[in-house]
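These protein sequence lines map, in sequence, to chains R and P. The numbers in this note's numbering rise by one with no breaks, and the one at position 70 of the first sequence is 70. The numbers in this note's numbering rise by one with no breaks, and the one at position 74 of the second sequence is 74.
Think of the hints as simulated: they come from the structure by calculation, not from any bench. Built from N, CA and C at the ideal position, the CB exists for glycine as well. Hints are supplied without guarantee of correctness; some may be wrong.
What follows is a set of in silico ranges between Cβ atoms, one per label pair, in the way DEER data are often shown [to be verified]:
1. R:I196 / P:E299: 37 to 45 Å
2. P:L84 / R:A137: 57 to 65 Å
3. R:A137 / P:S13: 37 to 45 Å
4. R:E221 / P:R74: 55 to 63 Å
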Amino acid sequence: MRAARVAALALLLTMSGARAAEPLKADLSDHIVAITTGFTGTSLVLFGTRQEPGDIVIVVRGPLSRAVVRRRHHILGFWINTERATFENVPAFYAIISNQPLDKIASEQILRLHAIGLQYLYPSLHSPRDLGARREAAYRQALVRRQERNGRFVESVGKISLIGEHLFRTTIAFPSNVPVGQYTAEVFLFREGGVIASETVPLLVTEAGVDSNVSQFAQSEALAYGLIAVLTTAMAGWLASLPFRNR
Amino acid sequence: MDIYLPVAGMSQSVVVLLALGGAVGFLSGLFGVGGGWLMTPLLIFIGIPPSYAVAASANQIVGSSVTGTLAQWRRGNIDVTMGLVLLAGGLVGAGFGVWLFAELRRIGQIEIAINLAYIVMLGVLGAFMLFESLRAIFFPRPTAQRKFHQHNWTHGLPLKMRFRRSKLYISAIVPVGVGFAGGFLSGILGVGGGFLMVPAMIYVLDMPVALVPGTSLFQIIFVAAAVTIQQAIENGTVDLVLALILVLGGVIGVQFGLRIGSRLKSEYFRALLGVLVLAAAAKLAADLTITPRDLYSLELRTP
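Chain R with its partners taken away, still in its complex shape (with noise of 0.2 Å):
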């Protein structure tokens, strides 16, 4: 056994050698998360190896969607939602996995440009009136402050084991309120503050099985799924009455 996983090993390590005009390759165990009735959350493992020394970095970004945050203000003594502002193009969900802090791998200029780190998101901003600058700051913290409440936006650093010197690996977990949509995970190989490669893997979250036919089903038909939940839960109460008939 550890025989057959040492030769596997030698295996990968000789075909990625053999190209070694790629620099990096990386894959996912699974390139599909399916949501089933009784999911609860999933992790999939990410792992892949390195031609030369340098940091890893691993992004993964859910699908593009449009947040409203809203902020409460103190109004005849109950908290009421009053302003808002529209963010677009915020990914639904966002986890950074690095072998370091990511302030020591590379520099904010770098860092932006490639949009990795909760705070080189840059959604474009929508709001009713003109917040100042201040203001805005705040409502972009405020965003990403409740994604990471929810679990979905992660940063997380020195998650990533080595094997060797070229292989890597790292688990990506993902809540029970994963968004459903595509999916990329971004692999890139820094060395002295630059992205020597990198590599994208895609991967697809989605409902799969009942759950997803009733979901779909009452998304395009609401009739029809409306008539169904009545009809159904009106049976359900007829059902529960028919063994105390004779009373």
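Chain P: place on chain R using the hints.
Same frame as chain R, but now just chain P:
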């Protein structure tokens, strides 16, 4: 054990949902209350977003009111004519309620609207239950016998109709109005509206008390069905999996409630329930007045 709720897009513990449905069903059986007004806030407490809680509650009420209506039907306690007139108002009220719900959701005020409405409703209801039960405990005999067929302002209205089963000759405008109010609450809060309609049917319409629960349940089936279908179309928030688990839990809970309720002196429990309901209202009010941990909230809309 968790189950994925496909429309709400989240996982919840089956045990918690069954227990919740069972607890509400138990109270329904024990006190003869509808329980929809408890279901929505409890669902919100366990973390279901308010818009999904309201829709699932309405859907669940379809099931529980079918069970209740069938039981009353066998005893012949339903005034179908009155039910249909109430229903006419109920459907219009429900339509208005769901429309307002969608508007409030669009402008981001639905949570505060639902919370404020519940604070008022639970506060009034809890106080009423507590007051009624305390009076029953300390003054066991009925204080005053109601006169048969009292005349009030409603008898001056036009469009008079005869309701043979209830032995009433009154203006159709009154039951339509009562139905409208119940339907409106059903549309916006996902409640059955029985807690509002039952006293109105007794004191305003002057119906025979024996016919009130059955007739109100009969029309709630159709109002709750209309609310469910409208919520499905306008807001897409009806989660059938969630509703079915609640119905299942409720069915079991009701039977236990009925059995225990028939053996116990219910005034004390009614007083306790009143206190619990008041506590729930206070909790909701506190949540709105205490400075929140985060002033900002987020809503993601995937295109």
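List of violated hint numbers, smallest to largest:
Violated hint (a single one): 4; every other hint is consistent with the structure.
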